[in-house]
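Chains as they are written, first to last, in this note's numbering: chain E, 1 to 216; chain G, 1 to 216; chain S, 1 to 216; chain R, 1 to 216.
No wet-lab data here; the hints were simulated from the structure.
The reader is advised that the hints may include incorrect statements.
Put simply, identical chains are the same to the list, so a pair is met inside one copy or across any two.
Straight-line alpha carbon distances no greater than 25 Å define the calculated SDA-like cross-link-like pairs of lysine to any residue that follow [what the hints assert, rightly or not]:
no., residue 1, residue 2
1, Lys18, Arg56
2, Lys18, Asp134
3, Lys130, Ser188
4, Lys130, Gly81
5, Lys130, Ser112
Note that the structure is predicted; figures quoted are calculated from it, not measured.
4 protein chains.
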Amino acid sequence: MTSTPTAGKAGRRRDPEKDAQILQATLDVLAETDYADVTIELVAARAGAGRHTIYRRWEGKDELILAAIACTDSANLGPDGLPDTGTLRSDFLALLDPNWMGGSERRLRILSSVSAMITRTTRAVDAVTKAIVDPSTAAYRFLIQRAVDRGEYAPPRNLDALAQVIPSMAAYRAFFMQQVVDEEFMLSIIDGVVLAALREPSAADDHLNEQDQPLT
Amino acid sequence: MTSTPTAGKAGRRRDPEKDAQILQATLDVLAETDYADVTIELVAARAGAGRHTIYRRWEGKDELILAAIACTDSANLGPDGLPDTGTLRSDFLALLDPNWMGGSERRLRILSSVSAMITRTTRAVDAVTKAIVDPSTAAYRFLIQRAVDRGEYAPPRNLDALAQVIPSMAAYRAFFMQQVVDEEFMLSIIDGVVLAALREPSAADDHLNEQDQPLT
Amino acid sequence: MTSTPTAGKAGRRRDPEKDAQILQATLDVLAETDYADVTIELVAARAGAGRHTIYRRWEGKDELILAAIACTDSANLGPDGLPDTGTLRSDFLALLDPNWMGGSERRLRILSSVSAMITRTTRAVDAVTKAIVDPSTAAYRFLIQRAVDRGEYAPPRNLDALAQVIPSMAAYRAFFMQQVVDEEFMLSIIDGVVLAALREPSAADDHLNEQDQPLT
Amino acid sequence: MTSTPTAGKAGRRRDPEKDAQILQATLDVLAETDYADVTIELVAARAGAGRHTIYRRWEGKDELILAAIACTDSANLGPDGLPDTGTLRSDFLALLDPNWMGGSERRLRILSSVSAMITRTTRAVDAVTKAIVDPSTAAYRFLIQRAVDRGEYAPPRNLDALAQVIPSMAAYRAFFMQQVVDEEFMLSIIDGVVLAALREPSAADDHLNEQDQPLT
DNA sequence: CGATAAACGAGACGGTACGTCGCGTCTTCTG
DNA sequence: CAGAAGACGCGACGTACCGTCTCGTTTATCG
Numbered sequence: 001m002t003s004t005p006t007a008g009k010a011g012r013r014r015d016p017e018k019d020a021q022i023l024q025a026t027l028d029v030l031a032e033t034d035y036a037d038v039t040i041e042l043v044a045a046r047a048g049a050g051r052h053t054i055y056r057r058w059e060g061k062d063e064l065i066l067a068a069i070a071c072t073d074s075a076n077l078g079p080d081g082l083p084d085t086g087t088l089r090s091d092f093l094a095l096l097d098p099n100w101m102g103g104s105e106r107r108l109r110i111l112s113s114v115s116a117m118i119t120r121t122t123r124a125v126d127a128v129t130k131a132i133v134d135p136s137t138a139a140y141r142f143l144i145q146r147a148v149d150r151g152e153y154a155p156p157r158n159l160d161a162l163a164q165v166i167p168s169m170a171a172y173r174a175f176f177m178q179q180v181v182d183e184e185f186m187l188s189i190i191d192g193v194v195l196a197a198l199r200e201p202s203a204a205d206d207h208l209n210e211q212d213q214p215l216t
Numbered sequence: 001m002t003s004t005p006t007a008g009k010a011g012r013r014r015d016p017e018k019d020a021q022i023l024q025a026t027l028d029v030l031a032e033t034d035y036a037d038v039t040i041e042l043v044a045a046r047a048g049a050g051r052h053t054i055y056r057r058w059e060g061k062d063e064l065i066l067a068a069i070a071c072t073d074s075a076n077l078g079p080d081g082l083p084d085t086g087t088l089r090s091d092f093l094a095l096l097d098p099n100w101m102g103g104s105e106r107r108l109r110i111l112s113s114v115s116a117m118i119t120r121t122t123r124a125v126d127a128v129t130k131a132i133v134d135p136s137t138a139a140y141r142f143l144i145q146r147a148v149d150r151g152e153y154a155p156p157r158n159l160d161a162l163a164q165v166i167p168s169m170a171a172y173r174a175f176f177m178q179q180v181v182d183e184e185f186m187l188s189i190i191d192g193v194v195l196a197a198l199r200e201p202s203a204a205d206d207h208l209n210e211q212d213q214p215l216t
Numbered sequence: 001m002t003s004t005p006t007a008g009k010a011g012r013r014r015d016p017e018k019d020a021q022i023l024q025a026t027l028d029v030l031a032e033t034d035y036a037d038v039t040i041e042l043v044a045a046r047a048g049a050g051r052h053t054i055y056r057r058w059e060g061k062d063e064l065i066l067a068a069i070a071c072t073d074s075a076n077l078g079p080d081g082l083p084d085t086g087t088l089r090s091d092f093l094a095l096l097d098p099n100w101m102g103g104s105e106r107r108l109r110i111l112s113s114v115s116a117m118i119t120r121t122t123r124a125v126d127a128v129t130k131a132i133v134d135p136s137t138a139a140y141r142f143l144i145q146r147a148v149d150r151g152e153y154a155p156p157r158n159l160d161a162l163a164q165v166i167p168s169m170a171a172y173r174a175f176f177m178q179q180v181v182d183e184e185f186m187l188s189i190i191d192g193v194v195l196a197a198l199r200e201p202s203a204a205d206d207h208l209n210e211q212d213q214p215l216t
Numbered sequence: 001m002t003s004t005p006t007a008g009k010a011g012r013r014r015d016p017e018k019d020a021q022i023l024q025a026t027l028d029v030l031a032e033t034d035y036a037d038v039t040i041e042l043v044a045a046r047a048g049a050g051r052h053t054i055y056r057r058w059e060g061k062d063e064l065i066l067a068a069i070a071c072t073d074s075a076n077l078g079p080d081g082l083p084d085t086g087t088l089r090s091d092f093l094a095l096l097d098p099n100w101m102g103g104s105e106r107r108l109r110i111l112s113s114v115s116a117m118i119t120r121t122t123r124a125v126d127a128v129t130k131a132i133v134d135p136s137t138a139a140y141r142f143l144i145q146r147a148v149d150r151g152e153y154a155p156p157r158n159l160d161a162l163a164q165v166i167p168s169m170a171a172y173r174a175f176f177m178q179q180v181v182d183e184e185f186m187l188s189i190i191d192g193v194v195l196a197a198l199r200e201p202s203a204a205d206d207h208l209n210e211q212d213q214p215l216t
């Protein structure tokens with residue numbers, strides 16, 4: 001997106017490793033300090049790069065940070081990377097540790113930094129949505145749907161809404177309240193909200209378990 | 001020397017009207033531009049004040065913005081200001097419009113600006129907690145508790161968690177996804193999550209009100 | 001010229017001492033290093049000032065250096081500061097040491113630095129002319145005229161041309177040839193050129209000695 | 001070892017025409033803009049060359065400019081190229097036009113650019129000395145000596161000093177004062193200084209040619 | 001004649017100075 | 001003394017040029 005990797009033109013190619021180094025340095029700095037203290041100079045120094053090398057790739061500070069966020073590997077939230085413990089409740093708990101919000105302090109601090117841009121740039125919203133919001137929601141939706149499929153719960157009235165409960169509440173607590181998202185908190189919303197909103201399957205649901213049922 | 005009319009000090013009094021003008025100007029600027037573009041110079045110009053007059057009153061940019069936000073009257077979320085429509089569902093809907101997150105675009109933009117400070121300043125967290133988080137949670141808890149009290153629903157397993165569902169999800173949508181919190185969305189979480197997690201009271205519930213009832 | 005010293009307006013006055021400190025620092029740096037190595041940052045640091053303070057007073061690097069050159073105290077080349085030894089020859093020699101070209105290494109290095117600007121800026125020419133060229137020429141013209149007035153020499157055919165001989169040749173040697181302007185060299189042009197071009201007064205000149213005689 | 005016509009190396013030969021193109025482009029750019037605005041990039045573009053091609057040939061910007069100036073053919077100041085009009089005065093005037101300082105505006109601008117380097121690079125001094133100072137002085141010394149030899153003037157006390165008068169004063173005027181060196185100016189120094197410092201030969205001069213004659 | 005080696009246009013790269021802007025502090029004058 | 005005006009030290013911003021270093025292509029000489 002930032003570079004046209006192999007255009008059949010002359011001239012030295014942009015070092016693709018530099019991209020990675022710079023983005024990594026950006027994330028590192030972002031994790032350590034505040035958005036306002038993220039200096040292009042500092043990022044460049046960390047990445048062993050010159051300032052101009054950064055400006056050649058991204059339009060400015062914001063674009064750089066956005067790109068860094070975007071490259072946060074949220075790929076472990078794909079179906080393959082998700083836990084499969086047998087019950088939805090323990091799946092949720094298993095997701096706590098490596099998951100973005102309850103995960104490392106680092107991930108949270110990085111996210112917090114983006115917030116400084118989210119108001120002004122549509123791109124910031126897109127980046128956050130793509131890197132964090134969508135993957136999280138998708139992961140939770142997958143887990144719930146699987147539990148329904150295996151007959152653990154009846155199909156919920158609104159799967160989409162339910163899938164957003166945990167990420168929303170975790171983010172709210174972590175970001176606006178700046179409080180840790182620990183197991184106690186997770187359990188309170190797992191048991192008190194999500195699982196409470198699910199029902200055990202009725203007898204009539206048995207035939208539908210293996211079929212596609214439109215979600216609305 | 002004999003008559004010190006106002007206070008025991010000599011010299012010109014601080015113009016109390018300036019406080020209001022400056023805070024108003026801060027909110028105005030905050031509403032139209034980004035946090036990073038909120039310049040003390042600009043605020044001062046808008047307020048018809050000098051920069052030093054601002055620094056005499058607040059410690060710096062952050063404190064100024066915090067003070068400006070703090071003076072936003074969100075106090076209509078007290079028990080007296082809350083709707084009482086007869087059912088919890090319509091109470092929730094009645095809360096949508098005047099509520100902060102579903103409120104005016106202006107209010108959202110102003111509040112979004114705090115996010116730029118929330119990471120570094122403990123005071124920002126306090127301000128947000130005091131102005132937004134606590135009132136919202138308290139309001140929703142009040143509404144739910146009232147519905148339980150009037151026998152509309154059985155006492156939930158975790159009232160605190162449930163009370164935070166709506167503000168969390170609304171904030172997440174409005175802030176991180178930058179999408180409108182309209183009635184459709186509210187209904188999806190009211191019906192799909194909150195009300196789904198509540199049970200109608202059984203006959204036995206009269207005695208069980210204060211007890212845990214195992215899920216299985 | 002750079003500041004309007006006492007306009008009846010509000011606001012902090014520009015520190016007049018800063019002007020001096022900055023100009024002095026500029027001259028110092030100019031004397032030590034090359035034009036290209038004169039950094040605003042360095043000058044500011046030397047002067048104990050911020051970069052912005054410099055840019056507030058002068059438009060840029062060139063203007064700063066020009067101003068610094070202009071403030072070089074060439075006032076000791078006024079009639080009062082000139083030597084009066086009794087003979088033109090020893091007057092010339094007496095001028096060697098404190099004089100600009102034969103003077104301090106410092107003065108020469110400073111001049112050399114301006115040369116980098118003299119091509120592009122008309123202002124540079126003006127500054128050099130005002131600070132160096134004119135004072136030197138005027139000084140030599142004064143000395144020669146005084147010698148003529150006292151009857152040491154007959155009025156020269158072209159006083160202006162003669163007055164420029166020494167500064168021109170000293171500058172040429174010092175700047176283009178980068179060789180020292182020492183007493184030996186000075187004597188060679190004093191005796192070989194200037195004094196050689198002057199004549200002893202004829203008998204008829206005696207009456208005119210004390211009168212004004214137009215030069216061209 | 002006897003006949004290695006080109007060189008014992010493989011690989012593509014350096015395009016000798018590129019040298020010329022680059023030097024020409026350098027001179028062109030030098031003539032129209034200031035030293036500081038002479039960009040390697042710009043020169044390369046003008047010459048239809050790549051920057052690296054320039055750096056392969058010269059060590060840097062300074063060396064390039066020096067080389068460009070060095071290739072300016074100012075060698076028409078040799079004894080054969082000098083005018084021989086019969087009198088020293090008209091010889092001087094005849095030298096005005098094609099001479100470097102009185103020469104084209106272009107030539108002056110180009111040479112002025114060296115001044116930016118003359119302080120830091122010894123090579124610049126050498127180049128200037130070789131290209132300008134020495135030829136000019138030699139030319140004027142030759143003309144004066146010839147006039148003396150033909151009996152037009154008595155041998156001057158210091159031929160070297162006298163030979164530098166015109167180039168020095170012309171350079172001073174052209175460079176430091178940035179004023180044209182026209183016939184009027186030349187006449188003023190020819191008549192007012194150089195010729196004034198020369199004496200018509202006395203009868204006794206035939207024997208005294210090699211002796212000093214005291215001024216008094 | 002094909003392999004190899006250098007030159008070449010293009011342009012990425014690490015530095016470093018530029019000139020601009022905002023912050024928070026300070027001084028000066030006016031009411 | 002408060003208040004408006006604005007100078008001041010600091011430090012980040014984004015731009016430009018320097019000189020070096022790849023790239024892929026072209027051109028020459030040697031095996």
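To see whether the hints hold, each was checked on the structure:
no.	hint	verdict
1	Lys18 to Arg56	within (12 Å within a copy, 27 Å between copies)
2	Lys18 to Asp134	neither (28 Å within a copy, 46 Å between copies)
3	Lys130 to Ser188	between (28 Å within a copy, 22 Å between copies)
4	Lys130 to Gly81	within (17 Å within a copy, 39 Å between copies)
5	Lys130 to Ser112	both (15 Å within a copy, 19 Å between copies)
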